[in-house]
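Enquirer: Protein chains in written order, with our numbering: chain F, 1 to 138; chain H, 1 to 138; chain W, 1 to 138.
Please note: incorrect hints may appear among the correct ones.
List of simulated lysine to aspartate or glutamate pairs, EDC-like, C-alpha gap at most 20 Å [to be verified]: (1) H:74 / F:64; (2) F:129 / W:54; (3) H:109 / H:31; (4) H:2 / F:36; (5) H:6 / F:138; (6) F:2 / W:111.
Where chain H lies over chain F, by a calculated footprint (3+ residues, C-beta under 8 Å) [what the hints assert, rightly or not]: (7) 33-42; (8) 54-61.
Derived by calculation from the structure, the hints in this document are not laboratory data. Only a predicted model underlies this, so the values are computations on that prediction, with no experimental measurement involved. Every residue gets a Cβ at the ideal spot worked out from N, C-alpha and C, and that includes glycine.
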Amino acid sequence: MKSFRKELWFETSHRRQLINITPEIASALAESGIKEGLVLCNAMHITASVFINDDEPGLHQDFEKWLEKLAPEKPYSQYQHNGYEDNADAHLKRTIMGHEVVVAVTRGKLDLGPWEQIFYGEFDGMRRKRVLIKIIGE
Amino acid sequence: MKSFRKELWFETSHRRQLINITPEIASALAESGIKEGLVLCNAMHITASVFINDDEPGLHQDFEKWLEKLAPEKPYSQYQHNGYEDNADAHLKRTIMGHEVVVAVTRGKLDLGPWEQIFYGEFDGMRRKRVLIKIIGE
Amino acid sequence: MKSFRKELWFETSHRRQLINITPEIASALAESGIKEGLVLCNAMHITASVFINDDEPGLHQDFEKWLEKLAPEKPYSQYQHNGYEDNADAHLKRTIMGHEVVVAVTRGKLDLGPWEQIFYGEFDGMRRKRVLIKIIGE
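Turn these sequences into a full structure, and let the hints guide you.
Expert: Okay, structure coming up:
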């Protein structure tokens, strides 16, 4: 069994931002030399997400509006967590979007459906944060 | 390390439908010959889900009502994604339900709790769509 | 490839409770002797969750309030599932929180970010329930 590890670093320009990281994960997979196995890709922070969905800007606006409805950022005082912080909403938003994805590796490629793309979802940005890619297989 | 890959295809008769796919995954596992490892099972589409829950029809009605409350299908015009599409709600519903499950394989069996069943959750159906089963182990 | 399996058992004193299980998973990993691979940790019950977030009591109060807003426990009669049961809300709450986590193993350690902690989320407690830890790797 082989294993491979790589970190991706981000510092977004906005508090909330969705970034397509499929090319970076495909590169890491090529670098690993693994042909059959599993890729785990997860945010290493509790206010960010890695998830799979469609790379369509309208949908991304819908996510922003919908997450604000389900877990509004303001007023900050509505959350107990916001004593010294203002990011309780980011913990909740990322809970809905998910912490990690696991993707199959088949014949050396990410085994994704036609519209599936992997995203980093930042909900408390403008600071350096990272994603872990771990690949195991042969 | 061994690996095994299989696709399951679906064409549901309704826009939204939950289908118990535990027997198909158990069959794929038996076919793989893998005794210890992990099964990844994921929707290959961005408007469908694979998730684990109880196979109880009342609960499935509760899911339908609850998802419609959190991410209503109509009016279609409430979503930016619905320019050429009408399925933005399906992207949101599947986000809540989850994209994939990872299940342990122990002594050649799916290592599930007593009430755990694996479902395909379709939220934009009446077209051919598929699920990926990837098993790695020994 | 090596594999390792362990169950953790819980009987919470409240209907809903969040328990940090990171030390137990780290112990299981040490016991396994696996240095590189993946840990799967999942609730074996359909009304409980395993998830990753921050071990901060204020945030845990926010989760309680937020999940009650999105999927209220009462009135029990609002759910079809509650014919012989009263736990439909627990199925929905756990759906939001997630069923399982997959965590990388690197150099014999759980490869977690600085604030990442793994929790058992109980939503229908006061009975014996369990979590599965499955580790594969080398």
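Enquirer: Evaluate each hint against the coordinates.
Expert: Here is what the structure says about each hint:
no.: 1; hint: H:74 / F:64; verdict: holds, 18 Å
no.: 2; hint: F:129 / W:54; verdict: holds, 15 Å
no.: 3; hint: H:109 / H:31; verdict: holds, 11 Å
no.: 4; hint: H:2 / F:36; verdict: holds, 9 Å
no.: 5; hint: H:6 / F:138; verdict: holds, 18 Å
no.: 6; hint: F:2 / W:111; verdict: holds, 17 Å
no.: 7; hint: 33-42; verdict: holds (count 3)
no.: 8; hint: 54-61; verdict: holds (count 6)
In this structure, every one of the numbered hints holds.
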